[in-house]
Structure formats: C-alpha cells, structure tokens
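S.K.: In case you want the letters, here they are:
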Amino acid sequence: MSGSGGKLSSSSSELDLDRPNIEDYLPSGSSIHEPRGKLRLCDLLDISPTLTEAAGAIVDDSFTRCFKSNPPEPWNWNVYLFPLWCFGVAVRYLILFPARVIVLIIGWIIFLSSFIPVHFLLKGHDKLRKKMERVLVELICSFFVASWTGVVKYHGPRPSIRPKQKHPGWVGLLQSTILESVGCIWFNRSEAKDREIVTKKLREHVQGVDNNPLLIFPEGTCVNNQYSVMFKKGAFELGCTVCPVAIKYNKIFVDAFLNSRKQSFTMHLLQLMTSWAVVCDVWYLEPQNLKPVETPIEFAERVRDIISVRAGLKKVPWDGYLKYSRPSPKHRERKQQSFAECVLQRLEEK
Amino acid sequence: MLTQYDIEEVQQHCNNAFSQQEILSLYDRFCQLDRNGGGFISAEEFLSVPEFAVNPLSQRLLRMLDGLNFKEFVAFLSAFSPRATLQQKIEFIFKVYDSDCNGKVTFNDMLDVLHDLTGQFISEQQREQVLTQVLEEAGYTKDSLLVMSDFVKILGSSGLKMEVEVPVD
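Sequences listed follow chains H and A, in order. Numbered by full-length UniProt numbering, the letters in the first sequence go through residues 1 to 350 in order. Numbered by full-length UniProt numbering, the letters in the second sequence go through residues 1 to 169 in order.
To be clear, the hints were calculated from the coordinates, so they are not data collected in a lab. Glycine is no exception: its CB is placed at the ideal position from the N, C-alpha and C atoms. Treat each hint with caution, since some may be false.
Said to hold, decoys possible - Mimicking SDA-like on lysine to any residue, the simulated pairs with C-alpha atoms at most 25 Å apart in a straight line are:
#	chain 1	residue 1	chain 2	residue 2
1	H	K68	A	A53
2	H	K315	H	S275
3	H	K68	A	K104
4	A	K161	H	G56
5	H	K153	H	F257
6	A	K161	H	S62
7	H	K330	A	S42
8	A	K95	A	V147
To be verified - To give an idea of the interface, some chain A residues facing chain H are shown, with a C-beta separation under 8 Å as derived from the structure:
#	residue
9	P50
10	L61
11	I122
12	E137
13	L160
14	K161
Bound-form chain A, shown alone:
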C-alpha cells in the first residue's frame, strides 16, 4: 500500500507530471500488471496486454521498461502527461531512438526504428533510400550523428501530440 510519503516522493521524482489521484490510479494499474508481486513488471506481464503486444515499438519500449520499480515506472510515463513540456516529450522520443544511450542517434538507429514501424512491407534498400533522401533534404548526411538539440530543431515545430489520460475513479 502507498503511504502519503510514498506518493509525494513519486510525485517529486516525476516532476509533478501527475496528480496524487493519478499516481494512486497508476499504482493500482502497476499492481494489476505485476501479477507475481515482484515489485516490477516483467516483459511477459507487459506482453499479456494485447494492445501493447501488437504495437510495433513494443520490443524497444520493453528494453526501456525492464526492471523498473513503481517510482521509475511513473517517471517513464511522465512524458505522456498533459503537464509534460514539449522538451520532455522530445527527450523521450530521443531516448527511444538512442538504444545504446550514448547521447547520439546514428543513421542505423533511425533505420532500426523505421524497420520496426514498417516491418516486411518495405525492403531494406528502400528504407535506406527514403531515410537518406529526407536526411539530405533537411541538411544532414548519412554519417551525421544527431544529438538532442537536432531533435528539438526537427520535431519542435511539428505540433507533436503525445498524451495519455490516466483514468481516475
């Protein structure tokens, strides 16, 4: 059970992205998904949600969600709160791309994500072609290493919308 102290700690950790009521709901959800009560949600338990399992980026997200306790789980979801800033949302997207967490996104990183999203329906060659073309049009090259500020420049004006609503009883 969550004490008031726990709730405040979680709230602080996620930079007040969620209200106390929302944190309580998320805790209920966390406990519901963590069926064996291990204190974290395993990949199997996430994949038991069919809507999550059919998502093309589920494997990538599972790597980020692996072994998170409740506090970290809420911090993970904070990018999706309506109170999160655009900067925070773009940071989250950057982290999804930057799988080796070195602060730089390579051509191959972007190719991998594109592969997840398109599956077998575009050939590897076509993917490279498309990516190279749009990169060059935006002023980058195949060998460019994109950092956070590049992402902000690219995505900052695209009217990004990335929000989920936490159901509160």
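Excised from the complex, chain H in its bound form:
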C-alpha cells in the first residue's frame, strides 16, 4: 500500500488506533458490503448505498442536531394568556433586569475594591493572598450567578473546581487578569502546539499536592444539552481520578445554550438576565479511575456514557471541534478501503 508523506503518517496512525469506531454509531445498511457471489456490472454501477448515505446526511444529520437551539412552544397565543405574557415581559425587563444589573454592579464594586488592595498589599504573603483572592472570586461568581437567578439543585456528594477557553473581547480581559489568580490554565483551541503546553500544565497541576481540583468541560464546545459529543481525551490520560459531573438544564425557564453561531456571548448574557431564572440539576457521580485494560479514549467514552445516562443526553460520535474544521480523510478512506476489498474479494469468486 502506498504511504503518505513521512513525518505525518506516524502521528496519524497513532490517532487511528485511539479512535472509537464511528461505523458502530452511523447508520449503514449498504448491501454492497455483503459479499454475494460473482461480481457483475450491476454491482459496480449500483452506487445507491453511498448516494443514500449522502442524501441522508443532507436531509438530517446527528452533528448539526447537537447545536440546534430548540425554541420553546409559544404558549401566549390566546386572549387570556397573551396579557399574562405581556405582564411577564414587563416584570422581566422593567423589574428583574434592572435589579439584576444593580446587583451585578454592587458585586463588582465590592470585588474590585477588595481585590486590588489585596493583590498589591499582600504581595509578600503569597499563601494568605491566594486564599483571600479565591474567596473574593467565589464571591463575585455568586453575584454573577445571582444576576441571572441561577437555581441549581445539587445531587450527590460534592468533590471540589477549572481550565477555561480564552474568549475574545471584554470577557477575555476579565479572564486573563482575575481568574489567573486562582490558577486557571488557558489555551487557544486553534493552536496545535498549545496542546502539548496545556497537557504539561495539567499534569503539573494534578500532581501538585495542595492544588485545587481541576474542573474540565471535555466536549470542547457548547452543545445544546440534548446530545453529548465526543470527549477530548486529554483529561483522561493524566492518570488521576475523574469525578464525573452531569448537568441538565430545565428549559421551561430559559434555554441556557449559547449557540455561538447565532449569538454573541454578550447578547446571550442579556437574554439570560431578562429571563425568569436559569434552572438546572447537577449530579455528582461516583469517581472513576482508568481501568488497567482501558485506553484513555475508552476511559473517556465510559465516563461520557455515565454522564449521558444520568443527564438524559444522546451520544453522538462526532468531535465537537468539527464545528470549526473538516473531518479528517481517514473516515472516507475507511469506506473506500472496505468497498475496494469487497470488490476484489468478489472478483475472485466464480
């Protein structure tokens, strides 16, 4: 078999071994793959299975479904409910929203007026400074959650918290100055080299004795809380215990899904602040370790299974980053290979 360019092939074959079999998830039903006697012209010309797969993907596909915001059913359509809804809108925009903005402003004033002095005056006393900064950050986070009335119901014994992605704009400024103080690990998802640096930092953090637990969102992108996409394996190869946390939002109150294709973060925040509440359930599940017979990818899939079952999510075999890039040619090559082998095999038969 002809090989591709030297340096690349070794790393891509490594990825090959690690990836779970997509064919297990995708609908097949191609009759061409069942050897049925001697090869005839109609077998070669009949491309209907492949075409059917393509048309099926055009009409509906499991990847796009993961990122579809599902608007709630309008309930305000009759003469009695409509005025009620108008009243609700008035309360939300004229009472709740200003109240929340005020709460947020107060929170920021308290935070900044405490944080800045603490950060500079306690320069010499690192341990105390870190502790105080952490308390203050937790305080401002509570204010933030209160600003869109987050109602969270916890289940299960709580372990204890964070890497986050760099958002552009004002959120980025926030993240780089303040959250760095609690030891967040930053990464740029489009930088390939970054991955090695991040893995090293993660490993260092996990092995450090009195560091905080790491909070990771392994899907790598926002999904609409009805599906789960494949987990990035990075967190699962650190050789430490993983505590799965399942989160399910109650969409009756508001859909907390940030559809980054449709809305910016700021718009989304404003939407949350003019809704009634953000309600969700959080389940802390039994901590898991890498089993001796498992690869990190299998470990990641097993944890994804546990979380998806708990939160009622459907699993799909796609990498969340496919939102931003194309799938690798490996999948197509696998299809081509299986068809080619079938043709050659049937050619041999008499």
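With chain H held as given, fit chain A onto it using these hints.
M.R.: The following block gives chain A in isolation, referenced to the frame of chain H:
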C-alpha cells in the same frame, strides 16, 4: 417564510415526491444549512455536515448541488423519496455518472466513479481490469457508450433501494 403558494409550486416541481409537511421540514433544513442566507447552499456549507464530507461521492454530488435554490434542491432530493419510481432513481444514478451531461456514460466516467469509491486501495490498472471484465461479461466493450436505457436494463432488476426519510415534527 414559505407561503402556501410556494409550497404548492415546489411540490409540483418535484412531481409530488414529497408531502407538504415534508417540504416544510426540508425548508427548515435548507435554511439551517444556508447559514449566510444567500438563497442557496454553498459547497462549504454542505461540507460542514461531517456525515456528508466523509462520503466518497461528496465532490461529485457537490457539482450537481452547486447553486441550487430551494425548489431545485427539493427536486434534486426527489429521487430519494419513497414515492419516486425506479425509473427516476436510475435516472439520478445516470446523472451522477454522466458528469458532462451529454446523455452518454463512457468507460472513463465509470472509471472515475469507481476511483471515488475505492480511493487508493485499488490500483488504476486493477480498476480498468475489473471494469473491462464485468463490462464484457454483460455484453459491452471498453468503447461502449451507455445511455439511459442501458442503465435501466442493467440496474432495473437488481432490487435497487435508494430512500431517505424526511423527519417531520
């Protein structure tokens, strides 16, 4: 938004291959894929569906899908409706092969499609060999130009199944 008149027009254009509900679903899907709202789905937008991008015949289909508006898009998909006749399905397959749209499929056309389906896993020589062999067994030669009726003869009795279901809420 689609008016009732639009829906009926589309339905007529695709020879009633889809019900009105299905056309509405397809419209939702069309708008979902046509992210920049240009009135047609660009190749990039089709390729953003991973399941489509990994299909070996995606490039060929993209040539047929290029610049189609919604009405033409539905007509394109009509071959995959359960209500489509076998003739219509075979016609669609013929069009996939006949890339220069001159009503004739040559040896090279068939070789190209076979190449798309098998990639680097069969050599060019082997492909020619296989194709020539099965063509001759079916009574054709390397220089035969196949037309629509030949395709009907070849594929008509093979129990062709080519259907997709349009999800209707």
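S.K.: Hint by hint, note whether the structure agrees.
M.R.: Okay, the hints, checked on the actual structure:
1. A distance of roughly 19 Å separates the Cα atoms of K68(H) and A53(A); the hinted pair therefore holds under the 25 Å criterion.
2. A distance of roughly 29 Å separates the Cα atoms of K315(H) and S275(H); the hinted pair therefore is violated under the 25 Å criterion.
3. Using a Cα cut-off of 25 Å, the hinted pair K68(H) and K104(A) is violated, with the two alpha carbons roughly 43 Å apart.
4. For the suggested pair K161(A) and G56(H), the alpha carbons sit about 13 Å apart, so the restraint of at most 25 Å is met.
5. For the hint linking K153(H) to F257(H), the alpha-carbon distance of about 18 Å falls within 25 Å, and the restraint holds.
6. As the CA atoms of K161(A) and S62(H) are separated by approximately 22 Å, the hinted pair is consistent with the 25 Å bound.
7. Between K330(H) and S42(A), the direct Cα distance comes to roughly 24 Å. Compliance with the 25 Å bound is thereby established for this hinted pair.
8. Simply put, K95(A) and V147(A) have alpha-carbon atoms about 11 Å apart, close enough for the 25 Å limit, and the pair holds.
9. Satisfaction of the interface hint for P50(A) is found here, the shortest Cβ-Cβ separation to chain H being roughly 5 Å, below the 8 Å cut-off.
10. With its C-beta approaching chain H no nearer than about 6 Å, L61(A) sits inside the 8 Å limit, and its interface hint holds.
11. For I122(A), the shortest C-beta to C-beta distance to chain H is roughly 5 Å, which falls under 8 Å, so the interface hint holds.
12. Interface hint status for E137(A): upheld, as the beta-carbon distance to the closest one in chain H is roughly 7 Å, under 8 Å.
13. Among the interface hints, the one on L160(A) holds; its C-beta lies about 5 Å from the nearest C-beta in chain H, closer than the 8 Å criterion.
14. Because the smallest distance between the Cβ of K161(A) and any Cβ of chain H comes to about 6 Å, under 8 Å, the interface hint for this residue holds.
When held up to the earlier numbered hints, the structure conflicts with 2, 3 and fits the remainder.
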